[in-house]
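*Asks:* Sequence:
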Amino acid sequence: MNKIDELVNHVKKADAIIVGAGSGMSNAAGMAFWYSASPLFIKHMKYFYDKYHFEGIFNGFYTQFNSKEEHRAFMLESLKMILKIPPQKLTYEYLKQLIGDKPVHFVTTNQDTLFKKFFPRMNC
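This note's numbering applies: residue 10 is where the sequence shown begins, and numbers increase by one.
By construction, these hints were calculated from the structure, which means they are not laboratory data.
Treat the hints with care, as some may be off.
Below 16 Å or equal to it, Euclidean Cα-Cα: the simulated EDC-like pairs (lysine to aspartate or glutamate) are [stated by the list, open to error]: (1) 105 <-> 78; (2) 111 <-> 24; (3) 52 <-> 24; (4) 55 <-> 86; (5) 93 <-> 121; (6) 55 <-> 24; (7) 55 <-> 79; (8) 126 <-> 102; (9) 52 <-> 64; (10) 22 <-> 110; (11) 21 <-> 86; (12) 89 <-> 110; (13) 98 <-> 64; (14) 60 <-> 78.
Whenever a hint applies, use it, and build me the whole structure from the sequences.
*Replies:* Right under this line is the structure:
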């Protein structure tokens, strides 16, 4: 039996599920704009990348912008990316399918609200 089949069997037998996930979950879902100048990051942050040369949203949070207006524009664009861009891969759909209708609790450090979007009635 491979690891995936073993996981599926454990989930099927469980009365409830606890999911612990961090930034690796978002990265696995293709949301690779936090720490690098990925194509997704460049698509939405080209102005800031070209001007300030930081890679990833987190690095932008520590950048000294030339004006308050630019800083606000960066923050607004960051929020738009974090909250509006859909996952680029089916990672959350697969997790949702794996869990099914079982009671579930999530423990996460993720700020992208994807767990709430995919599991709106669940305890996140």
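*Asks:* Compare the structure with each hint and give your call.
*Replies:* Hints, verified against the model:
1. 105 <-> 78: violated, 40 Å
2. 111 <-> 24: holds, 7 Å
3. 52 <-> 24: Status violated; Cα separation ~43 Å.
4. 55 <-> 86: holds, 11 Å
5. 93 <-> 121: holds, 9 Å
6. 55 <-> 24: violated, 47 Å
7. 55 <-> 79: holds, 13 Å
8. 126 <-> 102: holds, 11 Å
9. 52 <-> 64: holds, 12 Å
10. 22 <-> 110: holds, 13 Å
11. 21 <-> 86: Violated. Residue 21 to residue 86 sits at ~41 Å, over the 16 Å cutoff.
12. 89 <-> 110: The hint is violated at about 31 Å.
13. 98 <-> 64: violated, 21 Å
14. 60 <-> 78: Roughly 14 Å between the alpha carbons, so the hint for residue 60 and residue 78 holds.
Hint compliance for this structure: hints 1, 3, 6, 11, 12 and 13 are broken, all remaining hints hold.
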